[in-house]
Amino acid sequence: MYDRTGLGLSTVYGIVKQNQGFINAYSEPGEGTVFKIYLPRHKGEVETEISMTDEEMPSGKGETILIVEDDGAVLKMSEQTLEKLGYRVLATQSPNDALNMAAEYGDRIHLLVTDVIMPEMNAKQLAEEIERLLPEIKIIYMSGYTANTIAHHGILDEGINFIEKPLTTYTLSRKIREVLDKI
Numbered sequence: 001m002y003d004r005t006g007l008g009l010s011t012v013y014g015i016v017k018q019n020q021g022f023i024n025a026y027s028e029p030g031e032g033t034v035f036k037i038y039l040p041r042h043k044g045e046v047e048t049e050i051s052m053t054d055e056e057m058p059s060g061k062g063e064t065i066l067i068v069e070d071d072g073a074v075l076k077m078s079e080q081t082l083e084k085l086g087y088r089v090l091a092t093q094s095p096n097d098a099l100n101m102a103a104e105y106g107d108r109i110h111l112l113v114t115d116v117i118m119p120e121m122n123a124k125q126l127a128e129e130i131e132r133l134l135p136e137i138k139i140i141y142m143s144g145y146t147a148n149t150i151a152h153h154g155i156l157d158e159g160i161n162f163i164e165k166p167l168t169t170y171t172l173s174r175k176i177r178e179v180l181d182k183i
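So in the working numbering, the last one in the sequence shown is 183, and the numbering has no gaps at all.
One or more hints might be untrue.
Claimed, not checked - Taking lysine to aspartate or glutamate and the EDC-like style, the derived pairs with C-alpha atoms no more than 20 angstroms apart in a straight line are:
1. 76 / 97
2. 61 / 79
3. 138 / 79
These are calculated hints, taken from the structure and not from any lab test.
These figures come from a predicted structure and were not determined experimentally.
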């Protein structure tokens with residue numbers, strides 16, 4: 001199956017790891033590649049999904065969020081979700097465009113939400129550049145890899161504001177409110 005939405009292997013890996021599974025990849029020149037995903041079998045009762053009402057969902061108070069995500073589908077979904085939650089959103093797939101937006105909008109931007117691994121520069125480099133322009137900005141890093149994996153490889157320091165993909169509306173809204181409301 002050909003995936004045209006831009007769902008990357010890192011996101012698939014994150015989903016599989018969150019569910020205590022693993023992936024085997026088999027590849028042969030001229031034959032192609034096969035990925036086999038193994039997930040544990042669930043035994044027991046099926047839990048009913050809890051739905052959140054609009055009143056229970058943490059929402060925005062008109063703050064402006066700059067979101068940087070190189071996957072177009074994830075960027076669009078995140079942008080629409082944040083706007084519905086009451087945030088003003090500046091969205092881009094390019095770290096260089098994000099720097100230009102930060103320079104243009106200045107301290108009207110309250111929060112940077114950025115993918116960790118992107119072309120042009122990684123999230124740590126982007127955050128350092130934006131913090132030079134906006135020292136008070138708050139930052140959330142996101143990735144399909146776990147926070148421990150990212151910290152272990154030295155991409156980010158431990159203890160940063162981090163959220164794992166795939167994102168749910170509730171998880172994203174809760175993390176954003178938590179970070180914006182910190183004094």
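Hints, one by one, checked against the model:
With a C-alpha separation of about 16 angstroms, the suggested pairing of residue 76 with residue 97 holds against the 20 angstroms cut-off. Restraint check for residue 61 and residue 79: the C-alpha separation of about 16 angstroms stays at or below 20 angstroms, so the hint holds. This hinted pair checks out: residue 138 and residue 79 have alpha carbons roughly 18 angstroms apart, not beyond 20 angstroms.
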